[in-house]
Each structure stands twice: as structure tokens, then as C-alpha cells.
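If you read the protein sequences in the order shown, they are chains A and Y.
Per the numbering used here: the first sequence = residues 1 to 467.
Per the numbering used here: the second sequence = residues 1001 to 1101.
Under the rule of at most 25 Å between Cα atoms (straight-line distance), these lysine to any residue pairs were calculated in the SDA-like manner:
id	chain 1	residue 1	chain 2	residue 2
1	Y	1008	A	56
2	Y	1090	A	102
3	Y	1008	A	219
4	Y	1008	A	163
5	A	66	Y	1014
6	A	66	Y	1009
7	Y	1008	A	176
8	Y	1008	A	52
9	A	66	Y	1031
10	Y	1008	A	172
11	A	66	Y	1010
12	Y	1008	A	152
13	A	212	A	366
14	A	66	Y	1063
15	Y	1090	A	237
These are calculated hints, taken from the structure and not from any lab test.
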Amino acid sequence: MKNVDVLIVGAGPAGLGAALSAHDFGLSVLVVDENPRAGGQIYRALQENPARGLGRILGADYLAGKPLLERFAASGVAHLPRARVWQIGHDNVAYLSALSPGPRPEPVKARFIVLATGAQERPFPLPGWTIPGAMTVGGAQILLKTAGLLPPDDTVLIGGGPLLYQFAWQIFQAGSRIQAIVDTRGPIASRPLFGHAISALRAPALLWRGMKLLAAPRRHGARRVRGAAAIRISGESRVDSVHYSLQGVEHTLETSAVLLHAGLMPEINFSSALGCAHFWNRQQHAWQAHCSIWRESSRPGLFIAGDAGGIAGAEAARLSGSIAALEIARQAGKIGAPERDERARPLFRRWRQQLAPRPFLDALYPPPPECFSPPDETIVCRCENVTAGEIRRAARLGASGPNQIKALTRAGMGPCQGRFCACVTAALAAQAAGLGLGEVAMPRGRFPLKPVTLEEIALSDADGLDV
Amino acid sequence: MPSAAPFKRLPTDGGETLNIDIDGQPCAVDARWTVAAALIAHGRLACRRTADGQARGPFCLAGACFECRVTIDGIPGRQACLTPVAPDMKITFDDPPEDAA
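Work the whole structure out from these sequences, hints included.
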């Protein structure tokens, strides 16, 4: 068993921000991450890009991560890449498995744990979304960042939100093209949006960039479809077309790849499995953990930094990691409350600036209705092949929430552990019961958070393990 | 059905390449790629079948969805998106879908 002061799960901006600050206070820190390099999804492969000119293609937001990664590499903070925490047991002991051949990582007992597990893309269950060739926009962007791969010229993007338009812009910057964007944004509820726009004016650079991104598809010959209904994807072992209806008329686009994006939501499997208190964030249409201003969850000593605690973007994530580290340093007796507050003041100011445009973006791109109410034939749980119709039937039979529906239908029981279905199942349960989206039980995360072998459990010195 | 258009490679900086074996086919790939990138670059978008016969392939590319499970050097159930390629790596498919790439 290894002992550290601070265990940080995730090497994205939040994890690195927390690691560097905690390290500066003389605390022993270990950062664990599934990927070979630090940076998280946002700065993937920033220091080892295989393609020429990728920095220009991906833009300033991507290159902005460079100083952070350089500081982390120079800091000497312990970093365990290609490893995952699959359980946090009694006494804050974390159990790890390796994704690479070689020695098995020993369990880590930590005084403080920072969950910096980031965001995941919101599941966007459309009929046919399981067919090979249908991927997430974020996934395709990871292929561009890590491998210099661009989607086919006839690709169709479906959904909306900043990431979708940013990725389209990156494709055009690379000199490539796409066929169409099927934008699922509904009519704008203008009054609340106007109010949010005022606060978003505090971030003029972001608004300007947004307008540039929205104008790009037309300039690059991509069709932009608005108001499409009944969207579905077809193909056998590879996507071959997208179908939708526009004012009652059926349309078909032949295509070799479909990229889906319905926004981001916090990764809450960890905090939920640990029994932390959560609430339904109405603006972001997602559950998130209750945290103090210092990012401490309802479980003492467990902090949640970055998008894992609410979607706010990379720079806000880095700042929130540093803010969490200040409170950790105080609890560890390294600094007093006055020094913590003094050091935190500029961080909070910049953090609030980062948050200013969020309500506007959240109101501009709410999740498409398909995310909460897909047609009956749609596979909702990809792992266990459970359709929306089967989930509705279970809800009508009296299953009162996503956890009961899981027991009845197996939805959420597969290797992804509900990451790509649980919020949809919960929405279907809410509709069946006539409740609002956040009024049903939250899908409960369960350890192990990702599949592990029996051998790993057997050899993990599992005294504190509930298995 | 018209043949599918491929994913395209940006010009690289001339980094190292290495050889792997995808389902018996020798393939030269960038040494910094993941197995998922190698499969997609070689048109292999389907990499397994569900129990009821549906083809599935890489979806989230971020380690969360577990759709890209393949057999790597004889070990089944490995996530292609989290596994870097290595010299002479052998990738096979548990229940090989007929690929339409």
C-alpha cells in the first residue's frame, strides 16, 4: 500500500491545476490517468502531435494548454499514466488497475482525493446511433488531435453546441470539408436568452468566436439544416445514410460517417458511487455533485474539480483545481484560512469571468429532445441492447426510477456502467411518472467503476473493499 | 450501397512508423497512434458484434463507451481507443463482422 497526501484522478486541466498547487505547498501528490500523456481530452497529444500544422488547425484554445503541460512535466509530481482507479474503498484507499503490461499498481491510501474526471459527451440516442461509422464529435476530434485523422468528406454532423461548431471549423481549417450539419436546436426562447446575453457580454472574445464558428459551414459549402425532426441513421455494418423530416417532407443524405453531439455533462460515476450528495442542475440538464466553494463534496476530504463538478471549460477547470488545493493545504495545516483566502481571491475572480458566458451557452444549446425522449425502436443502452420501448414498458409496469429499471431490463448494467444510457433511462422514467427530469432518483454509480478482472480483485489486498 | 469514403490523414511530421497486423493484414501505422486510430485509418470501423449480431465499432474514443473492444496479442476485451500501437502487435476480432469499409 502506497501513502500520499493527495490522490488526483484525472490529468486534465483540473487535475494538473490541483496537482501543481498542492505540490507547491509541499504535499505529496499522485496523479492517475487512463491516457498515456497528461492533458485530458482538451489537450490530448498536445506535446506529441503526429500531424504538421495541427496547432493552427486546432486553434488557440488547444495551444493554451502548453504552459500548463510544461509546468507539470517540470514539476516532478508523480504521474501514473495508463492506469485507472476502479474503486475507492474504506479509509480513502483507491484500487488501481493498469492499462499497460507490467507491474500491477498497488492500492493508494490518500488523505485527500481530488476527482478531476472531467466531462463526457451527453448520450444522443437516435435510431441507428450504434452502427459503426456513427461516433461522437468529441471522439472524432480526439482522432484529429491524437492521430491527425479527418472524417470523410461526406460526413454529416448532427446536434449542436459549441464543440460541434468548433470541430467543423477545425475541419475547414485543415482544408477538408463535410457534407452537412443537421442542427437540432429548437426555436429560441428569446427573453431568458437576452438576459444571459448581457452577462455573456463580459466575454466578448468568446461571443465573437461563436459568430465566426456559426458562419463557417456556409462559407465552406456545408449544408446547414435547421428544424429537422425524426432523425435516424441507417446502414448495416457501416453507416450509409441519415434520414430526417423537414416540414413533413422526408430527406435522405448518403454518408459514410455521422458525428453526434448534444453537449457535455459531468462524469459523476465516482461521486455517485461514493454516495456524495448531488442535485439536478436545471441550466445544464444534468446531475452534479454538491460542492463547497472550495470544491469539497459532501464527503469530507473528497474534492471535485473541473467539469466533473459542472461544465465550465478548461480554464475554469484549471482554476477550480488550484482553488481545491488551497483548501486542502489549509486542512493539511500548511496554511491558515487568511492565507488561503488571500491566495484564492484572484483565482475566484478569474473563475467567475470564465463562468460568465455559461448561462448564455447553456440556454442557447439545451440538449435536443431526442436525448430525453427517443422513439421506441431506439437502442438506449448500447451495452445491453435495451430499447427505449423496453424501458418505457418497465416504467409502466411500475419501475419507479433508473435504478429499478436497470434491475428489470439490464439497462446500464454493461461495461460502460450506464455512462451512455443512465440519464436517458432516468428521463424516460420521469416522463412515465409524470415528473420533471430531475425529480426521479439519480442513477446510482456502482463500484467497480470500470470492468476489472477477477485476478485484479483477488490480488488487490482488498481488506477495505466492498465486493 | 456506394462504397464508404475513408477517414483521411493529414500530412505528418515524418515521425516513426511501425508495422502491426490487423486481422491477418500487415499495416504500417504511425507509432504514436492508438489501435482505434489504426483501425479507423485502415477503414475498419466495425470491430465486434453484439450477441444478437449487430456490428459495433469505436464510438466515444475516450475510454468510456467500451464499444471498441478487440483482441490484442491474444487478450480479448481490450479498449482499442486506450491502447497505443506497438511493433508487431496482432489485432483480431472476437466475432469478426464482415466489414463494409
